[in-house]
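These protein sequence lines map, in sequence, to chains A and B.
The opening position of the first sequence corresponds to residue 1 in the working numbering, with each subsequent residue numbered one higher.
The opening position of the second sequence corresponds to residue 1 in the working numbering, with each subsequent residue numbered one higher.
There may be inaccurate statements among the hints.
To be verified - Ranges of calculated distance between the beta carbons of each label pair, as one might list FRET restraints: (1) B:Arg297 with A:Ile109: 41 to 51 Å; (2) A:Arg80 with B:Asp262: 47 to 57 Å; (3) A:Glu123 with B:Glu565: 44 to 54 Å.
No lab work stands behind these hints, which were simulated from the structure alone.
The C-beta atom is built at its ideal place from N, Cα and C for all residues, glycine as well.
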Amino acid sequence: MTEPERKRVLIADDDDDIRALICIAAKRAGVEIAASVDNGRDALAAVQKGGVDLAVLDISMPGLNGVEVADSIRSHESTRRTLILMVSASVQLLTDHGVVADRSDGFIIKPFSPRELSARIREMLELEGSA
Amino acid sequence: MTIDRWLRRISFDAPTPFMKQLPAIAGFGLALIITVLPMRTPVTAVAYVVAAFVTVAAASVLSVMLPWRRLGPEWSIVIPVITLIAVGMLRLGTGGAASPFGALLLLPFVWIASEEGRINVVIAALGTFLVLFAPVIVNHAPTSPGELVRAFFSPLVYLIVAAVVNEIAHRVRQQLAAAEAAAAQRKMLLEQAMQASDELALNESRLKTANRLISSIWNAVTEQSVIGTDLNGLIDVWNPGAEKMFGLTEKQVIDAKRHVVDFHLASELEERLRAMDFRTTTLSSAEDFSALVDAVRAGYADVRDWTYVRPDGKQIPVQVAATPRLGENGHRVGFIFVATDMTQAREFARLKDEFVGLISHELRTPLSSILGYLELMKDDDEDPLSDEQLQYLGVAERNAHRLLRLVGDLLFTAQVESGRFPLTLTDVELGTVIEASVESARPVADAAAVSLVAAPRTGDVVIEGDVLRIGQAIDNLISNAIKFTPAGGSVTVGLKHDADHVVITVTDTGIGIPAVELSQLSTRFFRASTATKNAVPGVGLGLTITKAIVTAHGGGLDIASEEGEGTTISMRLPLKAAEQAEPATLELGNRTGE
Chain A
1 MTEPERKRVL IADDDDDIRA LICIAAKRAG VEIAASVDNG RDALAAVQKG
51 GVDLAVLDIS MPGLNGVEVA DSIRSHESTR RTLILMVSAS VQLLTDHGVV
101 ADRSDGFIIK PFSPRELSAR IREMLELEGS A
Chain B
1 MTIDRWLRRI SFDAPTPFMK QLPAIAGFGL ALIITVLPMR TPVTAVAYVV
51 AAFVTVAAAS VLSVMLPWRR LGPEWSIVIP VITLIAVGML RLGTGGAASP
101 FGALLLLPFV WIASEEGRIN VVIAALGTFL VLFAPVIVNH APTSPGELVR
151 AFFSPLVYLI VAAVVNEIAH RVRQQLAAAE AAAAQRKMLL EQAMQASDEL
201 ALNESRLKTA NRLISSIWNA VTEQSVIGTD LNGLIDVWNP GAEKMFGLTE
251 KQVIDAKRHV VDFHLASELE ERLRAMDFRT TTLSSAEDFS ALVDAVRAGY
301 ADVRDWTYVR PDGKQIPVQV AATPRLGENG HRVGFIFVAT DMTQAREFAR
351 LKDEFVGLIS HELRTPLSSI LGYLELMKDD DEDPLSDEQL QYLGVAERNA
401 HRLLRLVGDL LFTAQVESGR FPLTLTDVEL GTVIEASVES ARPVADAAAV
451 SLVAAPRTGD VVIEGDVLRI GQAIDNLISN AIKFTPAGGS VTVGLKHDAD
501 HVVITVTDTG IGIPAVELSQ LSTRFFRAST ATKNAVPGVG LGLTITKAIV
551 TAHGGGLDIA SEEGEGTTIS MRLPLKAAEQ AEPATLELGN RTGE
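Next comes chain A alone, as it looks inside the complex (with noise of 0.2 Å):
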């Protein structure tokens, strides 16, 4: 057999250095980046075209958000099971209401450690730890 299909990752930050750094650190987690946007609507697009095992969505985003962009992810049969990581910078917003917690399989808080953030992502996807 040849070595296994890499996992791919959908990025999605509005701000590029926060994306950058999301990139930096999937990249240390070995995974493959299917593709780094910075909006909803490129966000969702990527998904649909699918092959992607993760979605990495920040909440605050112009045209649609990152919550709008999970519900959508979960409410087509194609996208259903994509993986979902939440990143704000609004801790409210993570942890009122349910609204992330019901949306996405985790969610991590701006600013995050890269070093943590390789970490969540291999243990989202189920990866051999190799940092």
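Please build the complex by placing chain B on the supplied structure of chain A, with the hints as guidance.
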């Protein structure tokens, strides 16, 4: 007319002895004229006549000279008695029983007889008898039986006349006294009536002033609606503020017999009734009204947020203070609802929340980049940094974390202020939380050369609380204590408990807080003078937040401090979580800030 006027000037109510003597003076004056006129006046003994005029003159002088006020009125009969003697002498000198001046006798006689007291009747009669009988005694003249009879009969008549005069005078005096008393009483009543009238006028003026004041206050209250009801909620008071708020006039509301619950959002009333354990199936307006006045009926003033509904359906968020309306005997006769329109305040609070959220987000995002990339640099295994470079990055990282904590505190403060301060309650073992806080603060304490000690544990102390928030509160207290303690000092963290409460104490040997500033610690962003003087860093939020956390857990914070000696802060928490720990308000402040 002139004489009339002149007479009116004389006071006849209380004539002086001289005035009473005036008729006698006039009588003797006339007698003198008649005596000296070249007529056949029968002067039989000049000495008597002269003595008579001298005596009456002396009596007249005495009537003026004697101090009557001191002597008293009963002594005034001395004057007519002397005058009577003078009449007797004049009579003796002018022919005795045949004297033409016998009639003068009447003048002093009437005076004596009319004086108060029966004794005067006797004096008048006896005097008269002596005067009439004097010629018989003095002249030793042979008297005819007729003269003798006259000498005895006349005094008897005079006695009767004296008695009659005395009685009439007595009655007249009584009537006069009664009339005077009646006049005095009338005068007094008149004065009382005048006084009452003055008081009435004064009260009326005061009432008018008070009315004007109340009316001007009433009309000035245009931004609050004041609604008064009877005990059942029927509106009978509707102020200009209510007119403005609802667009209905007082007449429209009162004539239509509107009920106060008509202007409330029904769902809110139902919700409140549910909270009060009322059945909610068939709600009558009486039960709806109970939702509004339940607390007031129980004796409390009630301030609560409600929503008023205008006739056009527009909803107005209001804060309503409900109070009892008391009648004359102090019993409750209704209720007063004073409502303040909170539309602007709510909008302001919402905007502030949004703003704080936005600022917090905008500050945390760049900090995320800074901290993330710093970590990437430190973790670069392929091209490791030198120790010096790592040290520089450590400084940058520490300061970025400091900034992050400040942002967190500001956000938390805003949450507490807006009343949105959620606690996640679990069982919290305080010994463990304290140990974790002490360990995380140890590097800072070591760097500051402050000895940090946790008192030995004496078994598990478990309370119901938010473990993260309680940890944050203890962290704040320890970090404060270290910051305010000079090198070589110590910070001790203790834990004790009784049946109801646990008390966590953080004691330092630091610079202390001046006693006058202890009360001001309850001001956000306040920093003690000892903090600024010693250039201890901070903004003044740490203790605010600690206080808010403790209050939210139903506990309290006590601070004891002595300048130059140290400070002990005690955090008291209930063993069982308070049933309804209200979200803390931001009244407390901090001596240091984080």
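Cross-check of the supplied hints:
Checked against the given bound of 41 to 51 Å, the beta carbons of arginine 297 of chain B and isoleucine 109 of chain A, roughly 48 Å apart, stay inside it. For arginine 80 of chain A and aspartate 262 of chain B, the Cβ-Cβ distance of about 51 Å falls inside the hinted range of 47 to 57 Å, so the restraint holds. Distance hint for glutamate 123 of chain A and glutamate 565 of chain B: a CB-CB separation of about 52 Å, consistent with the stated range 44 to 54 Å.
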